[in-house]
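> Following the hints, complete the assembly by docking chain H onto the known chain U.
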Amino acid sequence: GPKVLQIPSHQIIDMGQMVTLNCDPVSNHLYFYWYKQILGQQMEFLVNFYNGKVMEKSKLFKDQFSVERPDGSYFTLKIQPTALEDSAVYFCASSLLGSYEQYFGPGTRLTVL
Amino acid sequence: GDSVTQTEGPVTLSEGTSLTVNCSYETKQYPTLFWYVQYPGEGPQLLFKVPKANEKGSNRGFEATYNKEATSFHLQKASVQESDSAVYYCALVPHTGNYKYVFGAGTRLKVIA
Numbered sequence: 050g051p052k053v054l055q056i057p058s059h060q061i062i063d064m065g066q067m068v069t070l071n072c073d074p075v076s077n078h079l080y081f082y083w084y085k086q087i088l089g090q091q092m093e094f095l096v097n098f099y100n101g102k103v104m105e106k107s108k109l110f111k112d113q114f115s116v117e118r119p120d121g122s123y124f125t126l127k128i129q130p131t132a133l134e135d136s137a138v139y140f141c142a143s144s145l146l147g148s149y150e151q152y153f154g155p156g157t158r159l160t161v162l
Numbered sequence: 002g003d004s005v006t007q008t009e010g011p012v013t014l015s016e017g018t019s020l021t022v023n024c025s026y027e028t029k030q031y032p033t034l035f036w037y038v039q040y041p042g043e044g045p046q047l048l049f050k051v052p053k054a055n056e057k058g059s060n061r062g063f064e065a066t067y068n069k070e071a072t073s074f075h076l077q078k079a080s081v082q083e084s085d086s087a088v089y090y091c092a093l094v095p096h097t098g099n100y101k102y103v104f105g106a107g108t109r110l111k112v113i114a
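Chains as they are written, first to last, in the working numbering: chain U, 50 to 162; chain H, 2 to 114.
With the rest of the complex left out, here is chain U (with noise of 0.2 Å):
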């Protein structure tokens, strides 16, 4: 079935310091997401993106975080500078317009040191 890739799979900053995780989605698909998972912990809503827009975002998008997709290419979430509590497994997704079914990816594990 449809594919989303993630880049890279794992992820080890020190505090700090700036990391963007990169999403390649499903080729047709418009409407982009993030979602955090800690270990142990459920998954959570980060953002979703469609039209170059950011829809909608949850507490936990602070300040420090962005997301883009330039010119088509992959959709990607930047933490600048990054914290302790960053520290995650963030899962991209991403679906068709008008369809509530999500593709995700194998996720980025992010340790922030």
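Fair warning: there could be bad hints in the mix.
Unchecked claim - In silico contact screen, one side only, chain H against chain U (beta carbon under 7 Å); selected entries:
| id | residue |
| --- | --- |
| 1 | E27 |
| 2 | Y31 |
| 3 | P41 |
| 4 | P45 |
| 5 | L47 |
| 6 | Y100 |
| 7 | K101 |
| 8 | F104 |
To be verified - Footprint (simulated), chain H over chain U, 3 or more residues, beta carbon under 8 Å:
| id | segment |
| --- | --- |
| 9 | 61-69 |
| 10 | 146-152 |
These are computed hints drawn from the structure, not numbers from a lab. Note that beta-carbon positions come from the ideal geometry of N, C-alpha and C, so glycine has one too.
This is chain H only, laid out in the frame that chain U set:
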């Protein structure tokens, strides 16, 4: 706000026995309900969805009925296999057009031969 509560895991079953994972939800909007399954090292993948109350969804022997009166969407399978070992997530998305998923905490299922 919207929420989903499901059976706390881990759940350990012997192959061939029946499974029930309870899921209850709260939302003021009319939602579509989902069950997702997540295998180790992968992102969640859709098991099935049910957009309308009083309808049943099913896939791979799993089924759940959208019970609007009881606000429940319990997952059942008559006879589990070792390959069903995974984490199962109940989720909802309200029909508000903002595509904001709410996930339950997940239920880890381990099936032993």
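> Now tell me, hint by hint, if it's right for this structure.
How the hints compare with the structure:
no., hint, in the structure
1, E27, "violated, 15 Å"
2, Y31, "violated, 12 Å"
3, P41, "violated, 10 Å"
4, P45, "holds, 5 Å"
5, L47, "holds, 6 Å"
6, Y100, "holds, 5 Å"
7, K101, "holds, 5 Å"
8, F104, "holds, 5 Å"
9, 61-69, "violated (count 0)"
10, 146-152, "holds (count 4)"
In the structure shown, a violation is registered for the earlier hints numbered 1, 2, 3, 9, in ascending order.
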